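Student: Once you have looked at the hints, place chain U on chain X.
Chains X and U are the protein sequences, given in the same order.
For the first sequence, our numbering assigns the number 143 to the last residue and increments by one with no breaks.
For the second sequence, our numbering assigns the number 1323 to the last residue and increments by one with no breaks.
By construction, these hints were calculated from the structure, which means they are not laboratory data.
Among the hints, erroneous ones may be present.
[Stated by the list, open to error] Interface residues of chain U toward chain X, partial, derived using beta-carbon atoms under 7 Å:
| # | residue |
| --- | --- |
| 1 | Y1228 |
| 2 | A1249 |
| 3 | R1270 |
| 4 | G1273 |
| 5 | A1274 |
| 6 | L1278 |
| 7 | V1280 |
| 8 | P1284 |
| 9 | G1320 |
| 10 | K1321 |
| 11 | D1323 |
These numbers were taken from a predicted model, which means no experiment stands behind them.
Idealized CB from N, CA, C, for every residue including glycine.
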Amino acid sequence: MLRSRTVPRRGWNLEFVMWVFTRVSGAAMLILGALGMIGALIMGARTQMDLATLMRWTFFPNPNHVVNSNIPDINLGWVSLYWRILQTLIVFFGVSHGFNGLRVVMDDYIHHDAVRKVLRVVILVLWIAVMAVALYIIITS
Amino acid sequence: MKVHFKIKRFNPEKDKKPYWGEYDVEADESDRVLDALQTVKWDIDGTLNFRRSCAHGICGSDAMRINGRNALACKLLIRDAVQGGKITIEPILGLPVIKDLIVDMEPFFAHYRTVMPFLINNTTPGERERLQSPEDRERYDDSTKCILCACCTTSCPSFWARGDYVGPAAIVQAHRFIFDSRDQGAAERLKVLGEPDGVWRCRTVFNCTDVCPRDIQVTRVIGEVKAALITGKID
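Just chain X, same shape as in the assembly (with noise of 0.2 Å):
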């Protein structure tokens, strides 16, 4: 019989944390996409909508984002807190698993420290932009 033992667990560094969120934030993206899919179909993408309008819904379903839309009430249907709160964890964990790849790859590729700090600032005030422009547009539309 195999016999198993015990190490003490080794505490966090960002490699490691970052490197479980990748996964993490890979299947959230794939179960949240789904859920926005159901949602849309369910509040009437089935008869109203094409392909093409369906994914815009599903991935950001923002009114000013509509344009040439022939569905008459899409401001008032979609906008809800469902989709609110949806779009919130998808642009978050989008945007997060993109910025940690541009992290990696700079990683991989500076090899200088002070270079590869200054852009780890870099990529963290932009992923903050990006971050707080994308709520901006959820909360207020």
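Tutor: Structure of chain U alone, referenced to chain X:
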């Protein structure tokens, strides 16, 4: 059959940059690539340099990039390597080239040493050897097959981009001891592998598994080390 060899040549004493040496070799399709390389060196151009020792896939000396894929020249047959009558050979990537197909393996072995690739057990053994059940021995059997040829590490994009990454071969060597029931150094090894340049730099590309001449499931081995780090359990 006649095979056209394109071999990357570089002599730092006289070449400013690498160039391709081209050679036509008469070879049997059941010959190994190493046989053809030896024909080039012995009969065509004695200045060609490459490593080889046992020539039977055990010592791991003749790892090279053949048609864009790492392999041992002594294990790869001409008929499996040839593409349109041609074979292209380069030194393995990610390590400094010393001359032609010979690379400086020291950075690779430096990573290997960091994982303490030796049995750590401070208890006094009994009168005879430390015993282990067949099941416990089987647990790390795959990682005992590593011959340190560096095919895996030098096919890894994470290692190409960042030489500080400990690399698949060192992780396989660590796995061999971490999962050995007689060993007591797992915590120290996992500490090294949990660092930012440890296992988390693995992006699960699977190049290492694809090219391993010993058919070790390298990516799986790395996954088991990651699981041990996350759960703190070795089983």
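Student: Work down the list of hints and note, for each, if the structure agrees.
Tutor: Going down the list of hints, with the structure as the test:
1. At its closest, the beta carbon of Y1228(U) sits 11 Å from a beta carbon of chain X; the interface hint therefore is violated under the 7 Å criterion.
2. The beta carbon of A1249(U) comes within 4 Å of a beta carbon in chain X, closer than 7 Å, and the hint placing it at the interface holds.
3. With 7 Å as the threshold, the beta carbon of R1270(U) stays out of range of chain X, its nearest partner Cβ sitting at about 10 Å, so the hint is violated.
4. Below 7 Å, beta-carbon pairs count as interface contacts, and G1273(U) has none with chain X, the closest being about 10 Å; its hint is therefore violated.
5. The closest approach between the C-beta of A1274(U) and any C-beta of chain X is roughly 5 Å, which is under the 7 Å cut-off, so the hint is satisfied.
6. A distance limit of 7 Å between C-beta atoms decides the matter here; for L1278(U) the minimum to chain X is near 6 Å, and the interface restraint holds.
7. With a cut of 7 Å, the hint placing V1280(U) at the interface with chain X is violated, because the nearest CB-to-CB distance is about 10 Å.
8. Interface restraint check: P1284(U) against chain X, minimum CB-CB distance 4 Å, threshold 7 Å, status holds.
9. For the restraint placing G1320(U) at the interface with chain X, the shortest Cβ-Cβ distance is roughly 4 Å, inside the 7 Å limit, so the hint holds.
10. Taking 7 Å as the C-beta contact cut-off toward chain X, the hint placing K1321(U) at the interface holds, the least distance being around 6 Å.
11. With 7 Å as the threshold, the beta carbon of D1323(U) comes within range of chain X, its nearest partner Cβ sitting at about 4 Å, so the hint holds.
When the structure is compared with the earlier hints, violations turn up for hints 1, 3, 4 and 7 and for no others.
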